[in-house]
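Take the given structure of chain W and dock chain P to it, following the hints.
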Amino acid sequence: MTTTPPRPPRSPIGRRKATTRTSVAGSRTRPRPGLVLDVDRSTPPILFHHGENFRLEPLPSGRSRIIYPPDPLPGLTDPDGSIRDALDNPIDADPLRAQLFAGMKLTIAFDDISLPLPQMRKPDIRQRVIEAVLDIAAEVGVDDVHIIAALALHRRMTEAELRHCLGDRIYDAFAPDGKLYNHDAEDPDGMTHLGTTGAGEEVEISTRAVESDLVVYVNINLVSMDGGHKSTATGLSGYRALRHHHNPKTMEASTSFMDQHNSELHSANWRQGDVIRNAGVKIFQIETTVNNNTFGTTGPMAVLQKREWEWSGRDRAAFIAMKSGLDRMPAQGRRRVFQNWRAPFEMTSVQAGEIEAVHKVTTEHVYAQQAVPVEGQTDIVTMGLPYLCPYNVNSIMNPILVMCLGLGYFFNMYRGRPVVREGGVLIMSHPTPWEFHPVHHPSYIDFFEQVLTETTDPHKMAHHYEKQFAEDEWYRHLYRTSHAYHGVHPLYMWYWGAHALDHLGGVIIVGGDTKAVRRLGFRPASSLNDALEMATDVVGPQPTVTHVHNPPVLMADVS
Amino acid sequence: MSEESDKFCRILPTFRRLVVLLGRAFSLAGRNWSLIDAQLAGRTIAVTGSTGFLGTALVERLLRSIPDVRLVLIIRAGKRSDVERRAARDIFKNDAFDQLRGRHGMDGFNEFIAERVTVVEGDVGTDGLGLNEAGRAALAGCDTIIHSAATVSFDAALDTAVEVNLLGPHRIAMTLADLGATPHLVSVSTCYVAGNRRGNAPEELLAGGPFALDINWRAEVESARRIRSDLDAQSRTPERLAEFAKAARQELGAAGTGALAAKTEQLRQRWASDALVDAGRARAASLGWPDAYAYTKALGEQALIETRGDVPVSIVRPSIIESALTEPAPGWIRGFRMAEPVLISYARGLLSEFPGVPEGVVDVIPVDLVVNAILAVAARGPLDEPDVTQVASGSANPLRYRQLVELVSGWFKENPIYDRDGQPIIPPEWRFPRRGRVQAQLNRATTGLRIAERGLQALPLRGKQAQLGIEVAEKREMAERAKTYVDLYGAYTQCEAIYQVDQLDQLRLDLEAEGAGPSAAEVEHFELDPRVIDWEDYVRTIHLPSVVESARVKTTPGRTTGPDRSERRRRQILSEERHLAAFDLENTLIASNVVASYAWLATRRLGRTERLKLATKLIAEGPSLLSLDRSDRSDFLRFFYRRYNDAPVDLLAEDAAELFSDLLAKSYPDGIRRVREHRRLGHRTVLITGALDLVVEPLRPLFDDIISAELGMVLDEDDVAIYDGELLDVPPTGESRAAALIDYAKAHDCDLAESVAYADSTSDLPMLEAVGFPVAVNPETRLAAVARKRGWLVEQWTKSPGSPGRLLPIGPRASELRRHAKPQPYDPSAAAGTP
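Line by line, the protein sequences give chains W and P.
Residue 561 is where the first sequence ends in our numbering, and the numbering goes up by one at each step.
Residue 851 is where the second sequence ends in our numbering, and the numbering goes up by one at each step.
Just chain W, with the same shape it has in the complex:
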């Protein structure tokens, strides 16, 4: 194991002030790249996210390493100017103004509440972009505009959430007469079947999008999985089309689904995108990227973004104060504190035009912020799971989502090879409470009680339960009229971890609700030390360990 780039000068905690090389957004100094640190005896305990709390865990010296994300890239200095510029000078497409005409049907679709994570401070990028699009549309005299939250099978966004994403001006202008709304994949009159791909995958998207003269898709590309054809082919689609790639077979063949060139998930979406294009649906894709300034460089959460050996006395005091406060707070209060956090993300790029050309540029920007070169795999990977995943914004991270975040998202944040070797062990830290949001996740509750008690094998559950959950009238009703994820969604979340389940020799959750962890088919441990000890049963004595210091999000380039 070697580290790239060379290790920075190390000092015991508190002796030195935070290094001046730490990027301060706005200071525009060149931010530091990501880092792989070999753990030795002088390495202080490492911060693990642990749901709505944290743990400080020492890692075994001499055989452990830590992957740190790069520092936040500087944001665009004039975001609104950059947006206008992207709209006027798109890639491989005519300027937006040239594609608009009076009397046309225009549909603006945008990424839903699952992006970015956490929700960003106002104004949200989508508000900026859509306001710019609407300005041009108004100038040209376009009257028939619909704005759709492209949420596929996610829950409907609430009024407050829509207002946060789009701003009051757009909401008040469009929502009251029904021109701003959530996509409804179960509306029998609202979906149009466009055909079948060469691989036999059906394609079905929102009828309003199909009938529009132009669809403008407004995206926030937080991770490399997002965007491209997936925006429309998934976001405006429904179960009939999604089932062709949201299944265990596809997910196991996506190594990883964060790496679109090795992702069967993306291949399928791209094939469906072709069908959409060939059906004559015109799409003007606007993609944006943000830096990874998740917790801010100042303020109460700033310490979470610093490397432990660089913590100042103030950082340590802030951390201790925060931790002891959280320890004393009731779970509901902690959840409220964290869910109310708005990240000071800054936009790092915006590009518009033809989907594939745009997405290529976008992906480069994402990697520029997140990629960390890592040499070789280890026996064990450890990760601290935070309070949030794409599916519990303003909600509860239930055990199934814990599995999905760890084995779905974090495990797949790699290019090349997984950070952990085949047959290795994944150790994640999360309280995994036996809690569910009854409005957002009703089918999850039943999935947890009925399916997971029978099987944890994605293939078996797909075979026996997918249809039942997907076509259940009550879940359909809740998805359409309340704020529930679609009935089939918990199964999809489980499929998301299919590749990891296939690859790993074992999964251990540190500090989780024992019963809930066992229900997931994993092993519970009360401390990281115990977990490492338990893992030796699978990977042998003296295993090598990699800790992925995420969030802020990072993508391991494993050679």
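Treat the hints with care, since some could be wrong.
[Said to hold, decoys possible] Output of the computed footprint for chain P on chain W, the stretches with three or more beta carbons under 8 Å from beta carbons of chain P: (1) 285 to 291; (2) 433 to 439.
[As the list claims (entries may be wrong)] Some chain W residues near chain P, calculated using beta-carbon distances under 10 Å: (3) ARG330; (4) ALA333; (5) GLN334; (6) GLY335; (7) SER397; (8) ILE398; (9) GLU451; (10) GLN452; (11) GLU473; (12) GLU475; (13) ARG478; (14) HIS479; (15) HIS485.
Keep in mind that the hints were calculated from the coordinates and are not lab data.
Keep in mind the model is a prediction, meaning the values are calculated, not measured.
Even for Gly, the Cβ is constructed at its ideal location relative to N, Cα and C.
Frame of chain W, contents of chain P only:
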């Protein structure tokens, strides 16, 4: 004590057992008392009380051991079955007849019974015994009549005890006189007719004996009958009836007129019969008897002797009859009788004290010895004058109370019974306190627990908290039961009378003297000597194992495997055979109520101050609303729904769609899953709720049908549809909920006996009672008590853990939506929403 005598003491029990065994072997070998079967052979014998413990043993022994005997059984008809069926079920099905069944085979046994036994409908509680002509003829043709019918319960009501125990023997004598028949009447009485006295109680008629009281039994009968009618009249005074109605309401809450009326009547009858029990006990105590049983039996003997006419009479007085020594099988017992509940309560650790005199004698006698004594008296035939034979152990082979307690506690220490968790229960140590002290302790405990129970019932508890109420009620019942045992049986552990058995001994000696019968192998043995009982052996290897077995308590450690009671019940409910599942909404499927829904809807479009004001006002109204709801749910709903007066229909529909998500946040996922399970099984599902249709409308896809309250609508001056705040129909709560369910079942051809109903409160009792499979969901204290008594399935469904909660009954504001009632055109010139 010297070493030798010490050794002697140790070998004494072994020696005694040896003697007993030798004695038995010897008697079998040559000395036999086969005269009994020889004398009784071919006779026709009438038996009363054959469905009882002693009666069954008697019938069995007669049929098994007496050649060619014919029996006439006088049996009271059951409430639902005729006498033949009752005889088959209550007598011949008993395991006492296993030997006979083995001898004849199943079919042969039935034939044998049909050939030997005539069953006659009759009742010793009625003048003329309530016999028909055939019955009278059968009775007239009997050689011997054994009267063992009695109400043996020590807490019998005075009038019942008088009718059966006192007048029973007299009525038999009168009927025989009427028939002109003079068979030998052997009447079974009790040793305890001698009353609460110390010292020897000889085998003499009461009238002639030293303890005779100058009491006129006819006057006693008269007064008992008068007391009955007096108490009945007292129970019907307006004040009393109001009290009963109040108590019924306290127990059941707003359960509807029908249920409350039934409960009130039940309470009235219970009051009257309790008062009669008290009257009996008081009268008995005033005359020196331990209870109404002994008192009425004593007067019964007197009445019989006085009015026997030409009928020759013998009286047999057993003491406390317990399980069989050898016949029909060692330990055979029937029914949960006097000592058994006390023993089991002790082993369960429920009776931590029991009064008694440690050196006092507990006079217990195995049932087969009593049977043999009766048969011996019958075989011997009548004497010139009525005679008395006591069957007791106290004088010949006394069992001391201390010894009994030691044997019992030692046995239970070695063979403990286990609690629900499979942990052994350690029996308490008894210290032989005075009866008064134990009674006072138990009185205090009962009173305290009753107050606690009342207090809990008054609180609006439900679900697991209501279980606390159940636990208190269980404890209170336990204490009350213990008190009853102490009240009733305490007298027997403190009794210091010694019952003489000279007659019994004489009987035995006579038979022995005369006995020179056929060869040993064919001889039937009729044990008459209480001295053969080895108490240690009897208590430890015969009686206790039998008691424990018949009490069906847990005797093995470890948790019970397999589905428990609730699980079995749940499986029955979720069987495909069920037709219909009816659900209440509030607190059954959703932790909400009409007030909260109203507050949510009403505050949604108010300003901040008004919202707070309305919420505060509602909270202040809480107690009065709660009490109105408790007294009558329909009245409450009518009163409360008036607040919807003038509410615009469209706006409410729009808000109700949003309220749906709020309701879901308070839903019980297990409950929702249960509804869906029923539907999957093909059961019809129906929601029957007093909530408004507009509130429950979004739940429609969950059920096949919804029956809810509906508000009337009118048009206001602007032609906008508004609610008028009046219900179109009686809201489906209480009895009208049951009525709605019954109508619904009829309309959809569902059998209610095969249907399930889920509800949370006693106001739903009529609905729950209407179906075959009622389920109490998160029951409030009163319903929890009812469900426990009736063995209903209780489900504790909770909100999803972590579900968001709101402190005040306020809906989130439909904020800006109303600020711009009409959509604003998008204005590009307006400043972008930058901070």
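Against which earlier hints does the structure fall short, listed by number upward? 1, 3, 6 and 11
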